[in-house]
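Using the sequences and the hints given, assemble the complete structure.
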Amino acid sequence: MATSIVDYKVVARPNHSMSRKETFRVIAVLAIFSLSIATAFSLLGAWLVFPFAGLELLALAYAFHIVLCHADDYESITISGDRLAIEKQHYKSTSQVVLNRYWAQVVLKETPGGEHRLWLRSHDKEFEVGRFMSDRQRLVVASQLKMRTGAVYQGAI
Amino acid sequence: MSTATATHHQDDHHAEHPTGIMRWLTTTNHKDIGTMYLTFSLIMFLLGGLLILAVRAELFQPGMQVMQPEFFNQLIGVHALIMIFAALMPAATGFANWMLPLQLGAPDMALPRLNNWGFWLLPPAAILLLAPFVLALLGIGDGAVATGWTFYAPLSVQGGIGTDFAIFSVHLLGISSVMGSINVLVTIFNMRAPGMTLMKMPIFAWGWMITAFLLIATIPVLAGGVTMLLTDRHFGTHFFDAAGGGDPILFQHLFWFFGHPEVYIVLLPVWGLIPHILTTFSRKPTYGYKAQVYSFWAIGILSVVVWAHHFFTVGLPTPALLYFMYSTMSISLPLAVLFFCWIATMWRGSMTFETPMLFTVGWIILFGIGGLTGLVLADVAADAQYHHSYFVVAHFHYTLFAGGIMGIMAGVYYWLPKMTGHMYNEKLGKLHFWLTTIAFNVTFIPQFFLGLAGMPRRIPDYALQFSEFNMISTVGAFVLGLSQLIFVYNVIRTVRGGEKATDKVWESSVGLEWTLPSPPPYHSFSEQPVIK
Amino acid sequence: MVFRFLQKIGMVLMLAAWSFAAHAEYAWNFPKPVTPMAADTLHVHNKFMIIIMVIFVVVLGIMIYSIYKHRKSKGHQPASFTGPSTKAQVFWTLVPFAILLYIDFILMGIPAYHSVLLMQDTKNDAEMVIKVTGSQWRWQYEYMDGEAKGIKFVSNLTTPQEQIENAADKGEHYLLEVDNPLVLPTDKKVRILLTANDVIHTWWVPAFGSARDAIPGFLRETWVKIEEPGTYRGQCKELCGKGHGFMPVVVEAKPEAEYNAWVAEQHAKMSAASADAGKEWTKEELMTQGEAVYKANCAVCHQADGKGLPPTFPPLADSKIVNSPNFDAEGKLMTDSHVDRVFNGKNMMPAWKGTLSDSDIAAVVTYERNAFGNHMDDLVQPSQIKALR
Chain W
2 MATSIVDYKV VARPNHSMSR KETFRVIAVL AIFSLSIATA FSLLGAWLVF PFAGLELLAL
62 AYAFHIVLCH ADDYESITIS GDRLAIEKQH YKSTSQVVLN RYWAQVVLKE TPGGEHRLWL
122 RSHDKEFEVG RFMSDRQRLV VASQLKMRTG AVYQGAI
Chain E
957 MSTATATHHQ DDHHAEHPTG IMRWLTTTNH KDIGTMYLTF SLIMFLLGGL LILAVRAELF
1017 QPGMQVMQPE FFNQLIGVHA LIMIFAALMP AATGFANWML PLQLGAPDMA LPRLNNWGFW
1077 LLPPAAILLL APFVLALLGI GDGAVATGWT FYAPLSVQGG IGTDFAIFSV HLLGISSVMG
1137 SINVLVTIFN MRAPGMTLMK MPIFAWGWMI TAFLLIATIP VLAGGVTMLL TDRHFGTHFF
1197 DAAGGGDPIL FQHLFWFFGH PEVYIVLLPV WGLIPHILTT FSRKPTYGYK AQVYSFWAIG
1257 ILSVVVWAHH FFTVGLPTPA LLYFMYSTMS ISLPLAVLFF CWIATMWRGS MTFETPMLFT
1317 VGWIILFGIG GLTGLVLADV AADAQYHHSY FVVAHFHYTL FAGGIMGIMA GVYYWLPKMT
1377 GHMYNEKLGK LHFWLTTIAF NVTFIPQFFL GLAGMPRRIP DYALQFSEFN MISTVGAFVL
1437 GLSQLIFVYN VIRTVRGGEK ATDKVWESSV GLEWTLPSPP PYHSFSEQPV IK
Chain Z
133 MVFRFLQKIG MVLMLAAWSF AAHAEYAWNF PKPVTPMAAD TLHVHNKFMI IIMVIFVVVL
193 GIMIYSIYKH RKSKGHQPAS FTGPSTKAQV FWTLVPFAIL LYIDFILMGI PAYHSVLLMQ
253 DTKNDAEMVI KVTGSQWRWQ YEYMDGEAKG IKFVSNLTTP QEQIENAADK GEHYLLEVDN
313 PLVLPTDKKV RILLTANDVI HTWWVPAFGS ARDAIPGFLR ETWVKIEEPG TYRGQCKELC
373 GKGHGFMPVV VEAKPEAEYN AWVAEQHAKM SAASADAGKE WTKEELMTQG EAVYKANCAV
433 CHQADGKGLP PTFPPLADSK IVNSPNFDAE GKLMTDSHVD RVFNGKNMMP AWKGTLSDSD
493 IAAVVTYERN AFGNHMDDLV QPSQIKALR
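Here the protein sequences line up with chains W, E and Z, keeping their order.
The first sequence maps to residues 2 to 158 in the numbering used here.
The second sequence maps to residues 957 to 1488 in the numbering used here.
The third sequence maps to residues 133 to 521 in the numbering used here.
No lab work stands behind these hints, which were simulated from the structure alone.
From the three backbone atoms N, C-alpha and C, an ideal C-beta is built for every residue, glycine too.
Here are the simulated distance ranges between beta carbons:
id, chain 1, residue 1, chain 2, residue 2, range
1, E, Pro1080, W, Phe25, 32 to 42 angstroms
2, Z, Ile199, E, Glu1455, 19 to 29 angstroms
3, E, Tyr1445, Z, Tyr197, 33 to 43 angstroms
4, E, Leu1093, Z, Asp408, 41 to 51 angstroms
5, Z, Gln221, E, Tyr1445, 44 to 54 angstroms
6, Z, Asp319, E, Gln1021, 41 to 51 angstroms
7, Z, Pro447, E, Pro1080, 30 to 40 angstroms
8, Z, Ile199, E, Lys1456, 26 to 36 angstroms
9, Z, Pro228, E, Leu1438, 37 to 47 angstroms
10, W, Arg149, E, Glu1455, 44 to 54 angstroms
11, W, Phe25, E, Lys1456, 40 to 50 angstroms
Here is the structure:
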């Protein structure tokens, strides 16, 4: 991995406009608001409000939790020397595939929706890349890879 | 060489989408879900309208003509529940699904699968609400919930199986709304394009954010309240039964603690979309963006502390009456700021009056009437007269039909070309506007006078002095109902085809959604637009 | 072209509606007030209506001016301001805000404050107290103090079913007429206590300006001081079930002397009735009175033919309860017997012991047992009911 000369590197990560701290702040504000209402009603005898408020806040917190879990997801393609490395981070698992640069083939297929999906193929194995890219970005990356790898396959799915 | 250890992750966004019915059942695409919400809303709007036309037919003349009082009570309650929970709220959620990702520059909603579940809870909820009508025909039970949409105990404790069905239906609707709200919040907070700070967000997103906050704060109260009703009905509790140490008024507190914010839950998304339309057709930037955002916050907060003005006549202590009166009056202040900003946005612009703008201008006037009559309703002593009379019926139809549904219609005409890629028929749109506005006023202006003259609401038959105005109102209601068919026709026609819409659609539309093609590609833009 | 045409139709429709309404004898505002509270309410209402109309016209005027002047078709070039920029502009945007504050909390707020205090002041100088009980679907009145103490009666709708079903011409006071109106003296402050037997009702007479909920298990209060003799009509205005539209409030306000005469007459009737309750009634007497009581109180649910409206309102014809004995061998009332159900109620069935007199209950039970094809042939005597109290 630690090659001195990096010919080409592209990193794609989804956009996250909220930091961890802000997430906790939003959840805290909503929880305080909702729980104080539920507490007030419970004191008036309507204690059945409480479990509903609790369940709802759990759901809310869980939703934000899932989003936070994927905050560090990314995908990178690095070309250095003979090596073409694809690194993917999904939640906590990182996976890396290393292909031979000159054996790697760029596969670009058009979906019925008019968009494109991008694979890198080597030795009969295909690895999809570009999950976090827009269609236009995928096309650009595909053409850049094409110039730096073996061959290109282009066609419809 | 290749040491592939990756567990291949198949992402929904990039899977080829299935076709046919499975596409709609399993879709997690925000546009598909938005379309389903809007379609469901339109169907329910027509159904709710049908129910109330039956009611207006009964009220055409004094005497019982077309139905029994029991059935009448079922119709009015189910009409309200359908219009509020199954027509207005899903329409707003439909717009949120369609437009928020586009406006925020996000590829999709944050939690696509939750989005799908949220929608698919709605049809069962509607079926639960309506099923008792059918069951009654089969000889099971005595029809749908007959308590009005407010479920006041002890009347609702006394009611038949329709009440139980309605309680479960409300639970489902509540869960669906909470799911939608969580999704909207996560999307707004986490999916904004780089550079788009909260104070640079489109104002529609702001309206929806406050709506989502309000839903999350108040839905548990409604859910708790109706569950207590259920246990009172079947499990021997006495939450609302004075004989067992309970208090029937507690239910009204619970209900309206949800019910009053509900008004703003329905209206805030509309207040969010109106500035977009005004800006577009006045060719002038939004006036007082910050002032509008702060007003949204002020109204959101005030809305949870004024609930008891819905039951001034239950005999609250004097300090409580005064508190709720003044706090209710103070809602007029942020609302006035909004009106000021809307009119200031039009002021010295270069206006044209396509259908969305017509609806918006009509909306401002009619919603203004709703707001101003709301101000006088805040007066406790006079409210003793207005309360539960037709004056109130007219008032809340000015806020919820004019302020809610006409705003939604403005939004439909405004965004439909973007969604479908086709222009709607302008002539039919204008015809729809004029018929709706005129018929709406013919229907509801007489109801103000009916209320002043002393006609209580929710009565199936009335004294002779109320005959003329009721007759006018019924005629208006039928014209109003029929003119919505023009709308339906126009929408279907636009979906099917018609003149191509440009990306920008309108001459001076501003916002990220107008940078995309019309219609936007199935996979929304993950372009990561940068906001300067 | 089409729009012009439709606009015209709209205008014609509005005009037609207006002239139609103008020809009819019609109130465009609250009815003529006859109590201090109603007068105050009307005053406040008129004032507020003028205020909001002024606001409406001014705001609408500005908007219409803008719509007329600042349109593209007139070649108006759009400005680009997004908010007040100079100090003077900020000041001018705050002016409407200040005006609204003034309207809300001073112009409207202060009279509203006084109205609330007036409305809530039920006890000071109250000269008599009456109790109003709402039940499905009738009002019951009881005089709590003074000369009239002890008078109590039920007030039922008297509009015949044929009128409601359009089988007969509707009378002048269609749906607003009762058998026993509440009689009140004029110029006396009457404190009205409200409660209910089953669900929430609202006692409302528009000419009095007082509406207050009657809540089961709780007492609420309001007051009236009627300044003009006459008959005043109102309705229940809280949805209370299928008979919600059919439980009017009728109040007869009489000058003091006439009122006193009415009180004396009621007392005489009551002592005659209690004498009646002691005597042995014949079947004919019981059947005649029973039929009248049934029509007034029971027919709304169990129907005039005793067939009921199942499943909510069970039939009386061939009913198990009606066709089984009331008292056991020792003369004790049996649970779930006919008399027990009428006297004590159960679920939807109200307890009539608080509403009907001994002779009424005895008569109606006897009637039900011998009508609609039921042939129990036993008589229930008022003395037997009296013994249950």
